[in-house]
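2 protein chains.
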Amino acid sequence: MERIPILRMGEFLLVTIQVDMHDQLALTLQDDLSTMISKTGAKGVLIDISALDIVDSFIGRMIGNISGLSKIMDAATVLVGMQPAVAITLVELGLTLPGVLTALNVERGMALLRQRVLTQ
Amino acid sequence: MERIPILRMGEFLLVTIQVDMHDQLALTLQDDLSTMISKTGAKGVLIDISALDIVDSFIGRMIGNISGLSKIMDAATVLVGMQPAVAITLVELGLTLPGVLTALNVERGMALLRQRVLTQ
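For the protein sequence lines, the chains are R and A, in the order given. Its first residue numbered 1, the first sequence is counted upward by one per residue in the working numbering. Its first residue numbered 1, the second sequence is counted upward by one per residue in the working numbering.
Bound conformation, chain R alone (with noise of 0.2 Å):
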């Protein structure tokens, strides 16, 4: 599989991240995303990681990649499904992925953004 899915949601995207990340992969998705966000001008970005273990330096800084993109593109970022052991492991390693907002889960992801989206 050479491409990770996003699925749209009302106005919003979502991500399900499942397989482990490669540089192309990152890239790929990078770009899918902000043609998504453009096409179907979507508020908001949810990334669900709980299919993932472990969450290494490399997801960390695509997480932040993709954040960044998409506020220029006016969308906000949420990562939802962290499991406690990789939250554990992020802050025990110093990655406490700034400027990006969590969520338990992908109701509580979607109720956090439609807050944001009224409040603007």
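Accuracy of the hints is not assured; some may be wrong.
As the list claims (entries may be wrong) - On the chain A side, residues computed to face chain R include the following (Cβ under 8 Å):
1) L7
2) A51
3) T102
4) V106
What the hints assert, rightly or not - Facing chain R, according to a computed beta carbon distance under 7 Å, are these residues of chain A, among others:
5) P5
6) R8
7) E107
8) Q115
What the hints contain is simulated information worked out from the structure, not anything from laboratory work. Treat the numbers as computed from the prediction; the structure is a model and nothing was measured. We put the beta carbon where it would ideally sit given N, CA and C, even for glycine.
Chain R is fixed; fit chain A onto it per the hints.
Coordinates of chain A only, in the frame set by chain R:
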């Protein structure tokens, strides 16, 4: 990654299949899904296969099994995001997925499920 994540979206569950399926993964998915339906009381399951370039008889059978399982637990199953080439192959192979509802994308799949829940 040893599990396919199941995301809760309101009263429906969303499963995005991105990786190559094998026996154990398919069994785990069915286990997890039945647990989730029972726990959440979900009325519908969306299976997104937009990341799959190939759907063989194994995946076809798995989708049929999930659909049957969900039906017993009073939830409808909608298969979404099928690529045109996959649809052509399925028809050529004679795999017509009897009893499985389909929709073009997640949004339409959700609309279909909502309609079914309302008319029940």
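Inset, instruction - May I ask you to test the interface hint for A:L7 with respect to chain R, counting a Cβ-Cβ separation under 8 Å as satisfied? - result: Holds. Min distance 5 Å.
Inset, instruction - Hold the hint about A:P5 up to the distance rule: shortest CB distance to chain R must be less than 7 Å. - result: holds (4 Å)
Inset, instruction - Tell me if A:V106 is really an interface residue toward chain R, meaning its C-beta lies closer than 8 Å to one of theirs. - result: holds (5 Å)
Inset, instruction - Answer holds if the nearest beta-carbon of chain R is closer than 7 Å to that of A:R8; otherwise answer violated. - result: Holds, because the Cβ-Cβ distance from A:R8 to chain R comes to roughly 6 Å (cut-off 7 Å).
Legend entry - A:Q115 as an interface hint toward chain R, with CB separation required under 7 Å: Violated: closest Cβ of chain R sits about 16 Å from A:Q115, beyond 7 Å.
Legend entry - Restraint satisfaction for A:T102 [CB to CB of chain R, less than 8 Å]: Nearest chain R Cβ about 16 Å off; hint violated.
Legend entry - Supplied contact hint for A:A51, tested at 8 Å Cβ to chain R: A:A51 check passes; min Cβ-Cβ to chain R is 4 Å, inside 8 Å.
Inset, instruction - With a cut-off of 7 Å on the beta carbons, see whether A:E107 makes it to chain R. - result: holds (6 Å)
Against the hints set out earlier in the document, violations occur for numbers 3 and 8.
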